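Q: Chain residues, written in single-letter form:
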Amino acid sequence: MSENKSHYPKIRSVGLNGILVTFSDTATDAANRAAIAFRTAIDKLKWPEIAESSSTLVSAFFQIDLAQHNFVVISRKFKDVLGSENWINAELPAGRTLWTIPAVFGTYRAPQLVKAAEAAGLTVSEAKTELVATKMRVLTIGFAPGQPYLGTLGTSWNIPRQVELSPNVPAGALVAAVRQICLFAKDTPTGWHHIGQSAFKCFRPTSDVPFPLSPGDEVQFISITTRELAQIELHNPDGSGGALREVIT
Amino acid sequence: MTSLSVHQIGIGVALQDMGRPGFLENGLTRGGACDLRAIYEGAALLMQSHNFAALEMTGTGGTFEAIGSLRIALTGALMNASIDDEAISWNASHYVPSGARLVIGPSCDGTYGYLHVGGGFQTDVVLGSCATHQSVGLGTPISKGQTLQIGTDLGCEVKMSLPRDPRFSGGDVRIVPSMQTNDFDPAIRARFAKTKFRRDPRTNRQGVRLDSDGENFSNPKQLSIVSEVIVPGDIQITGDGTPFVLMAECQTTGGYPRIGTVLPCDLPLVAQAPVGAALQFKYISLEEGSLLQARADAELTTLKQLVSPLIRDPDNIKDLLSYQLVGGVISATASPFEEG
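Those sequence lines, one after another, are chains U and H. The first sequence: position 138 = 444 (this note's numbering), numbered continuously. The second sequence: position 162 = 320 (this note's numbering), numbered continuously.
Because the hints were derived from the structure by calculation, they are not lab data. Computed from a predicted structure; not experimentally measured. Ideal Cβ positions, reconstructed from N, Cα and C, are used throughout, including at glycine. One thing to keep in mind: the hints can contain errors.
[What the hints assert, rightly or not] Coverage of chain H stretches by chain U, computed from C-beta distances (three or more under 8 Å per stretch; other residues unrestricted):
#1 175-184
#2 220-230
#3 330-337
#4 383-395
#5 415-422
#6 439-448
#7 451-460
[Said to hold, decoys possible] Now the in silico label distances, taken between C-beta atoms and shown as ranges:
#8 Trp353(U) / Ile442(H): 43 to 51 Å
#9 Ile442(H) / Asp331(U): 21 to 29 Å
#10 Ser520(U) / Asn209(H): 22 to 30 Å
#11 Ser513(U) / Asp371(H): 46 to 54 Å
#12 Ala357(U) / Ser327(H): 49 to 57 Å
[To be verified] If we take Cβ atoms under 7 Å as the criterion, some of the chain H residues that face chain U in the derived model are:
#13 Gln280
#14 Thr281
#15 Gln409
#16 Leu468
Let the sequences and hints guide you as you build the complete structure.
A: Structure (structure tokens):
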């Protein structure tokens with residue numbers, strides 16, 4: 307149900323389950339910021355029609371029972387809020403978290419760093435430097451519970467996924483492709499390049515904070531040795547993997 | 159406390175309920191029973207809340223022993239069932255005395271059968287639900303030797319039944335356009351709506367794969383698409399052009415385009431279609447879809463009105479000859495006033 311074919315933002319229905327507001331047809335950083343900011347703004351309005359909400363790379367999704375609420379009427383409400391601000395330039399919401407997560411880059415714990423660096427046209431040491439220098443944002447959570455897609459790395463990291471799947475990359479892995487890093491919530495077969503390894507658990511079902519990361523949070527990796535990672539893994543009951551968190555003010 | 163001891167169990171039998179709403183932002187789908195209508199039916203038969211957990215059984219159920227007497231209801235795909243070797247009706251509620259042996263399965267139609275108990279199965283609640291969500295590691299399937307705890311049953315009515323609805327052999331499925339429907343070439347959409355699909359055996363709680371003869375449904379635009387939100391009922395077209403209807407345990411986002419979305423009220427029909435059953439998709443407008451869905455939602459809340467006392471099938475009465483079947487019959491010709 308396309309409201310408007312060529313212009314963004316676009317308001318569309320998703321089955322009878324809700325409404326999607328999309329800010330771009332390509333995965334740009336600006337569209338991602340807009341989606342996060344718009345979702346936060348709508349959530350603050352506490353519309354009774356909205357059961358829950360989420361954001362993807364370029365869209366904000368609002369779960370609304372369209373059997374009970376009229377799509378056209380609610381679309382108009384969304385249009386009013388969309389028109390109230392230039393969302394592509396909107397500030398990210400306050401109160402987000404900055405995570406500092408220790409990880410091993412390369413070595414036998416993350417054997418595809420060499421190949422990935424080569425694909426990016428970088429030396430291994432240049433690649434490592436960029437990976438710890440870039441403060442990345444949680445663009446979206448998905449594919450597995452709590453699992454973040456982090457972005458955005460420099461253009462040289464616009465490397466494709468491998469054609470052959472690695473049969474099993476472990477939980478806590480940092481995998482790279484298409485200028486993003488994904489931090490695996492569980493063991494997963496993947497075409498992404500396994501470039502780093504952490505002991506950070508993205509999904510902690512029985513903890514008070516089952517899903518530590520949220521879209522908009524920032525993540526800074528710090529490089530540790532395989533021995534340091536082994537030490538962290540030995541005593542990691544809460545799954546924090548030695549990560550530190552602070553509120554972004 | 160009442161419980162059911164598990165002597166034998168089918169593969170993948172697991173506790174399910176209405177699932178875990180509220181975690182979309184965290185990448186966790188709602189999950190829960192594949193046939194939500196069956197959950198409501200069980201609740202109506204036992205006159206209790208639809209939020210209790212039930213056993214979802216694929217293909218076959220198992221052999222159970224009642225520890226303490228209990229009430230059960232059986233819904234969803236029809237399975238052979240007996241209590242102490244006496245056959246019992248499906249889509250009905252029954253009394254199981256303490257120590258009795260309940261045997262369920264294999265199924266005769268459909269895909270998912272459900273065993274409900276008065277008071278509901280009690281297990282650890284994780285993130286607000288007892289539902290087993292295997293792909294994300296929440297809960298595990300039931301195993302032999304396990305004892306399933308049952309909550310306090312506040313009801314007492316048994317031998318009630320519900321009429322069986324026709325959702326167990328495939329058929330027409332109504333779909334509304336979804337966010338990417340217009341990205342598909344109109345000719346592909348038209349062909350999709352005309353195709354008679356078959357349910358593929360490669361199917362699980364994440365999605366139902368659809369087979370068809372003839373051309374696939376790949377779309378020239380689909381390779382460049384940005385990952386977008388998924389809802390249960392979405393029909394995604396994978397890279398090789400195969401449609402999948404996404405079910406209870408689908409992911410929250412995905413990069414394959416959606417050609418349409420099944421109405422929530424028709425999703426049980428897709429879930430229950432046995433392997434090889436024919437499925438055909440009919441596009442309807444969002445307006446029509448919302449009217450039909452609202453009607454179906456209202457019907458679910460009034461299911462209790464359709465519950466009626468179970469009429470015993472003489473074929474199922476083991477000791478039929480011991481019944482006094484003709485005593486008390488009144489003659490149509492004899493005058494009642496001539497007696498005595």
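Q: So, for every hint listed, does it hold in this structure?
A: Tested hints:
1. 175-184: holds (count 6)
2. 220-230: violated (count 0)
3. 330-337: holds (count 4)
4. 383-395: holds (count 8)
5. 415-422: holds (count 4)
6. 439-448: Result for this restraint: holds, n = 3.
7. 451-460: It holds: at least three residues are needed, and the stretch 451-460 of chain H offers 3 whose Cβ sits within less than 8 Å of chain U.
8. Trp353(U) / Ile442(H): 43 to 51 Å: Given a distance of about 27 Å, which is not inside 43 to 51 Å, the answer is violated.
9. Ile442(H) / Asp331(U): 21 to 29 Å: 27 Å, holds
10. Ser520(U) / Asn209(H): 22 to 30 Å: 28 Å, holds
11. Ser513(U) / Asp371(H): 46 to 54 Å: With a Cβ separation near 50 Å, serine 513(U) and aspartate 371(H) satisfy 46 to 54 Å, so the hint holds.
12. Ala357(U) / Ser327(H): 49 to 57 Å: 33 Å, violated
13. Gln280: 17 Å, violated
14. Thr281: Because about 14 Å separates threonine 281(H) from the closest Cβ in chain U, which is outside the 7 Å limit, the hint is violated.
15. Gln409: 6 Å, holds
16. Leu468: 33 Å, violated
Going down the numbered hints, you'll see the structure goes against 2, 8, 12, 13, 14 and 16, while the others check out.
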